[in-house]
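Work the whole structure out from these sequences, hints included.
Going down the list, the sequences are from chains A and B.
The first sequence begins at 1 in the working numbering and counts up one residue at a time.
The second sequence begins at 1 in the working numbering and counts up one residue at a time.
Treat the hints as calculated values from the structure; they're not laboratory data.
The structure presented is a predicted model; accordingly, all values stated were derived computationally and were not measured.
Check each hint, because a few of them may be wrong.
Chain copies aren't distinguished; within one or between two, either way the pair holds.
Derived lysine-lysine pairs resembling DSSO-like cross-links, with alpha carbons at most 27 Å apart [claimed, not checked]:
no., residue 1, residue 2
1, K350, K18
2, K382, K239
3, K347, K2
4, K210, K349
5, K319, K350
There are 2 protein chains.
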Amino acid sequence: MKAVGVIVEYNPFHNGHKFHLDQTKKQSGAEVVIAVMSGNFLQRGEPALVSKWARTEMALNGGADIVFELPYFFATQNADIFATGAVSLLAAVNCHSLCFGSEAGDIHTFRETLDFLNEKNDEFQEKIKEFSSQGVSYPKALSLSFEALSPGKHLLDLSKPNNILGLQYVAAIQQQKFAIQPLTITRKNANYHDQHFASSSIASATSIRKALFSVNGSIEGIHSYLPQTTYDLLHNYKKEYRQFHTWEDYWDLLKYKLLLSSPEELRGIHEVEEGLENRLQHAALKANSFQDFMEQIKTKRYTWTRLQRVSLHILMNVKKAEMTPKKQPEYLRLLGMSAKGREYLRKEKKNLHLPLISKLSSNKQLLELDLRAARLYALGLKSKNEQERLLSLDFKQHPIQL
Amino acid sequence: MKAVGVIVEYNPFHNGHKFHLDQTKKQSGAEVVIAVMSGNFLQRGEPALVSKWARTEMALNGGADIVFELPYFFATQNADIFATGAVSLLAAVNCHSLCFGSEAGDIHTFRETLDFLNEKNDEFQEKIKEFSSQGVSYPKALSLSFEALSPGKHLLDLSKPNNILGLQYVAAIQQQKFAIQPLTITRKNANYHDQHFASSSIASATSIRKALFSVNGSIEGIHSYLPQTTYDLLHNYKKEYRQFHTWEDYWDLLKYKLLLSSPEELRGIHEVEEGLENRLQHAALKANSFQDFMEQIKTKRYTWTRLQRVSLHILMNVKKAEMTPKKQPEYLRLLGMSAKGREYLRKEKKNLHLPLISKLSSNKQLLELDLRAARLYALGLKSKNEQERLLSLDFKQHPIQL
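Structural data, given as C-alpha cells:
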C-alpha cells in the first residue's frame with residue numbers, strides 16, 4: 001500500500017483542508033493518507049481551539065487515514081525544527097510522498113530555491129542582514145536578497161508562510177536523504193494569515209477562529225467554511241467542555257508562573273534569552289489579559305509568534321536541557337485511524353522505524369513533555385469536572401477509529 | 001517609654017484579642033503595645049482572611065500602637081521557628097516584656113516546665129517516642145511523658161496549642177538571653193481550635209471563620225464577636241475586593257504548580273520530604289478542590305497543618321536553600337502605628353537593632369519572600385482589577401497611621 005503524508009494543525013479542519021486532502025490523494029496516487037498533526041499546542045505557541053482528540057476525529061472524517069501526534073518538542077518550535085520532526089516521522093512510517101499546500105504551488109520552484117540556498121546561503125544571509133539593518137522587515141529582506149543574488153530567476157516568494165514551511169519540508173527530506181517525494185498544491189483562495197473571508201466556502205483557519213471569537217461570533221457563523229463533521233464536533237466540544245481554548249484561559253496560570261519564579265528560573269526555560277525574563281515579569285505585574293501582556297512585551301526584535309512560544313514554554317516549565325536538538329521523534333503516538341489506516345499499520349507493523357504507542361501506561365517517561373502538555377491544556381478549562389474528563393483522555397483514550 | 005510586645009495573627013481581630021490587649025497593658029504597665037503580626041500567610045500554612053493591611057488597621061483600632069510584619073520566613077513555620085523570629089523581632093525594638101495568651105495563664109508554670117525540659121529533654125523525647133509507637137497521638141504522648149517523668153508535679157498541659165506556643169516564646173527569650181519579661185494571660189472563654197461559639201461576645205478566630213464560611217454565613221452573623229472597627233473593615237474589604245481569601249482561591253494555581261513541576265523540582269521545595277512529591281502529584285490529578293486534595297494526602301505521619309504548610313511553600317516556590325535556619329529577621333517591616341507608636345519609634349530610632357523598612361523601593365532583595373507572598377496573595381482574587389490594586393499596596397502603601 002502506498003502512503004502519502006501531510007503535515008497539519010487543523011485548527012480547526014475546514015473546507016480548504018478537505019480540498020487539500022482530496023488533491024493529495026489525486027496527485028500522489030496513494031491509497032492511504034497519513035497526517036502528522038500538532039497536539040494540543042501549536043507551532044505559533046498557542047493552544048488549539050479544541051483538543052487533539054476532537055481534531056483527530058475531524059481529520060479522519062475529512063479523509064485522513066492515520067493521525068499521528070507531532071510531539072510537543074517539534075510542534076511548538078520554529079519552521080526548521082517543526083519540519084525536521086514532521087518529515088522524519090513520515091519517513092519512519094514509510095510514506096513514499098509528502099504533499100503540502102503552498103502559495104507557489106509548483107514543486108520545481110522549491111527544488112530550485114533549495115539548490116540556490118545550498119550554493120549561495122552565506123551570501124544570502126549577508127544580504128538579508130544588510131537589508132534588515134536598513135530597517136526592512138525580515139520577510140521583505142528575504143525576497144529583496146533573493147532578487148539581488150538571482151536577478152530575473154523565478155524563485156520562491158519567501159515572504160509567504162506556507163512557502164517557507166514547504167521549503168523546510170523539502171530541505172529536511174534532502175538533508176536526511178529520505179525516500180520521500182515532495183508534492184505541492186496551490187492553496188485555494190485563502191492566505192494563511194487572512195483575517196477576512198474572501199470566498200463563500202473556503203477561508204483560512206485564522207479567519208475562521210477570528211470570526212468565531214468576534215463579539216457576535218458563533219459556530220453557526222462559520223458553518224459554511226466547515227465540513228459538517230467539523231461543525232458537529234465543534235458544537236459537541238462546546239457542549240461537553242463548555243468552551244474553546246484560547247491563550248486567555250491560561251493567562252492566570254502564566255501570570256502566576258511569571259510572578260512566583262525567580263529570574264534565574266525563568267532564564268533556565270527554553271528560548272528565554274538573557275534580559276527577557278525581567279521584561280516578562282514587569283509586564284505580568286501590569287497586564288490585565290494575555291492580549292495586553294503580549295502588546296506590552298512585543299518589540300521589533302521579538303515577534304508575536306516568538307513571544308507566544310516563549311510564553312508557552314514558560315507555562316509548560318520546559319527547561320533548556322529538555323530541548324537539546326534531536327533529528328527525529330522517539331515514538332509514533334497514534335491518535336486515530338480509519339479502516340484503511342488500520343490495514344496499513346497491520347501490514348507495515350514490522351517495517352516501522354519507531355515504536356508505535358497507542359496506550360500510555362508504560363511510556364510515561366518517553367512522553368513526559370506531551371503528557372505535561374495534555375495536563376496544561378486541561379487546566380485551561382474553567383470547570384473542574386471537565387478538566388478531569390479531558391485530562392483522563394490521555395490515559396484512557398484508545399486511538400480513535402473511524 | 002516602656003513597650004510590651006504581643007505576637008499575633010488577628011485572623012480576624014475579635015473581642016478576645018481586644019481583651020488580651022487591654023490586659024496586656026494592665027499587667028505590663030507599658031505605655032506602648034508592639035504587635036508582631038504574620039503577613040498574608042499564617043502559621044498554619046493558610047492565607048489570612050483579609051490582607052495584612054486590613055488586619056493592621058484592626059490591630060491599631062483595637063489598641064496596638066505599632067504593627068510589624070513577621071516575615072514569611074518565620075510566620076509560616078513550626079512553633080519553634082515562629083517563636084524565635086517573633087521574639088527576636090520584639091527584642092530588636094526593645095520591648096521590656098512580652099505578653100501572650102495561654103490556656104495555663106500562669107507564667108510560673110512555663111518557667112518550671114522549661115527548666116524540666118532543659119534538664120530532662122532526652123528522656124522526655126524517648127518517652128514521647130515510646131508512647132507514639134504505641135499509637136498514641138502526639139499531643140497525648142507529650143502529656144503522658146510529662147506525667148511519667150514528673151509525677152504529681154503541676155506542669156504545663158502541652159496538648160494545648162497556646163501553651164505550646166507560649167513555651168516556645170519563653171524558651172526563645174531564655175536561649176537568646178533577651179532582656180524581655182514574659183507575661184501570660186488566661187485565654188477567655190475560647191479554646192484555640194473551638195469550632196462552635198461558647199459565649200455571646202468572645203469566640204475563637206477559628207470558630208468565627210467557620211461561621212463566616214458556613215452555608216448561610218455572613219459578616220452580620222459574627223458581628224457580636226467583633227469590635228465595630230473589625231466588622232466595618234471586613235465589610236469594606238468584601239466590598240473592595242469582592243471576596244475573602246481561602247485556600248480554595250489558590251487551588252487552581254497549586255494544581256497547576258503540582259502538575260507542571262517535575263518530581264525533582266518538588267523535592268527541592270522547603271519541607272517536601274522524599275516520596276511526598278509523588279503523593280501530592282497523584283492527589284492533584286484527582287482532587288476537585290483543596291479540601292478534597294488535603295483529605296486525600298492526609299496521613300497519620302503528615303498532619304493537616306504540616307501539609308498546608310508544604311502546599312504553601314510549593315505554591316510560593318520556596319526552595320530549601322531559601323530557608324536555611326536563621327536566628328532573627330533581617331529587617332523591621334513597619335505596617336502601621338498610632339500616634340503613641342510614632343512617638344516611640346522616633347525616640348528609639350537610634351536604638352533599634354535592625355533596619356526599619358517603611359518603603360519598599362530600595363529593599364526588594366531583602367524582602368524577596370515577603371514580596372512573593374504579597375504577589376501570590378493577590379493572585380487569589382478573582383477580579384483582575386482588584387488583583388492589581390491589592391498587589392500595588394505592597395509598593396505604594398505607607399505604614400498605616402491611626
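(request) Against the earlier hints, flag every one the structure doesn't satisfy and list their numbers going up. (result) Going through the list in order, the structure violates hints 1, 4 and 5 and respects the others.
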